[in-house]
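A.B. asks: Each chain, letter by letter, is given below.
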Amino acid sequence: MTDSDHTTRRTFLGLAGGAAASGLVPIVTVRTADATPAMLSSAIRNIVGEANVRTGKVKLDIPPLVENGNTVPMTVSVDSPMTADNYVKSIHVFNEKNPQPNIGNFYLRPGAGRAQVSTRIRLADSQKVTAIARLSDDTFWSVTADVVVTLAACTEEAI
Amino acid sequence: MPSALINVPARAKRGDVIEIKTLMSHIMETGYRHIASGEVVPRDIITSFTCRYNGTEIFRADLYPAIAANPFITFFTTVTESGKFEFEWIGDRGFSETASASILVE
Amino acid sequence: MKIIGCIAILTAIAGTALAADIPQSERRSGTSFMSPDTRAMQDEDTANPGMLWVLDGEALWRRKAGVADKACADCHTDARVSMKGVAAHYPAFEKAFGKPVDLEQRINLCRTNHQQATPLAYESHELLALAAYVARQSRGMPIETGDDPEIAPFVEQGRELFMQRQGQLNLGCANCHDDNWDKKLAGSAITQAHPTGYPLYRLEWQSLGSLQRRLRACITGIRAQPYDYGSPELVALELYLMSRARGMAIETPAVRP
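Protein chains in written order, with this note's numbering: chain A, 1 to 159; chain B, 1 to 106; chain C, 1 to 257.
If you are wondering where the hints come from, they were derived from the structure by calculation, not from laboratory data.
Hints may be right or wrong, so weigh each one.
[Claimed, not checked] Here are the simulated SDA-like cross-link-like pairs (lysine to any residue), alpha carbons at most 20 Å apart as the crow flies:
hint : chain 1 : residue 1 : chain 2 : residue 2
1    : A       : Lys89     : B       : Thr50
2    : B       : Lys21     : A       : Asp61
3    : C       : Lys184    : C       : Phe33
Please take these sequences and the hints and turn them into a complete structure.
C.D. replies: The structure is reproduced here in structure tokens:
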């Protein structure tokens, strides 16, 4: 999720020199262009339409401070009896500042027994992650968590 | 052929809620990275994951570039009868892989 | 491989005097520096992405290769028995060369000598998969590298390289991993450089990688010219690091941030 070019390298070397002189600890993050809050709300509108999204019922387990933004474990669970007439239809996860706002959509059946999914995600920068659940009565519930992403001390580009 | 790891209990009691864990080998290239010469590395991701239990879809997911490499997805289901879970991953560049796991329900 | 970022505070610790080696009682695996989430990823096989390489390595172990049309399994049969404890001794002294070879080099020697196949490239999926599969058979067993008297001069060479300052930041490995292992570089823990889990899945890499890859990344991080894959210097460093981790348990395939 990071980018590399000559400007970045020069910027970094400059920072390195500065820190040697001042003894400060710079935290350098390098990233591509971000999604915007407008893109995030548009992505959410694509899922919920005009419906009202309420806060509650949804729990998002994600580390507040992650060791590496390339692989962030995440669990979303929804408070639901998961019966034939009261269940979670789907769970949608969004982020604020990756190049695009969608992370994943997960479609459940009442037979799931438990409305919970886990996966691992990428976060290009410190940002908010939002999970929205659509229940069988077509109401939408959400939760948002703040995640701080620090760049590893020494990183290398894979290619 | 890419490897997958599936964790489904070998046996369970009727009505038990079990957790199913899946790990699929895939680079999940975002399409947002550049090589040194400035060219974009084309997107190559898994876009869809489906689980069927004795032929009926019980779980499905749409994946985006923000899903980490080697996608790990876990979810739950109530077991009703012995049989087979079938898993399918579909993605860019014609990627299509399947795996299955059996369960004995007592 | 290009460095895209490294933390400049490295320069701030460059002046610290060298301390002695880490006392035996204070030795820790990199696992103990990780968050519970990353530890959970390592501890459960279905959650550990490194197991995907182990799985591929198992298939490669049985696949015939080379002019000799032999599979690893044709000579070594069941790796779960024949390879148990093997990785815990590597790098090991190779009499034919009069110098140590690491596990990846040993696999390639087997390929060229016995399978009459072309050696696998460093960091290729196949070599990582085979190395992970072989090393996995030693999981939980204590590291015993470096007890061969013939290898002692090479351990010492590795130790000297570990202590030696180099690069634009004028740092040696020891400046971080011996003297400052209880501190952090930005958000990341500085570990004690005990290579207990290689090849391992690094979240940063989103892939499995070898100890040589890790060493080269570290060397680039201090802005020095990394040694080539397979060079005597990298093998000596591997050897020193494994011998200083002697007695600690193999964790392959480990997960690290």
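A.B. asks: Under the criterion that the straight-line Cα-Cα distance not exceed 20 Å, is the pair Lys184/C, Phe33/C satisfied?
C.D. replies: holds, 10 Å
A.B. asks: Measure nothing beyond the straight line between the CA atoms of Lys21/B and Asp61/A; if it is 20 Å or shorter, mark the hint as holding.
C.D. replies: Holds, because 17 Å separates the two Cα atoms, which is no more than 20 Å.
A.B. asks: Given the hint that Lys89/A pairs with Thr50/B, test it: the Cα-Cα distance must not exceed 20 Å.
C.D. replies: holds, 15 Å
Violated hints: none; the structure is consistent with every hint.
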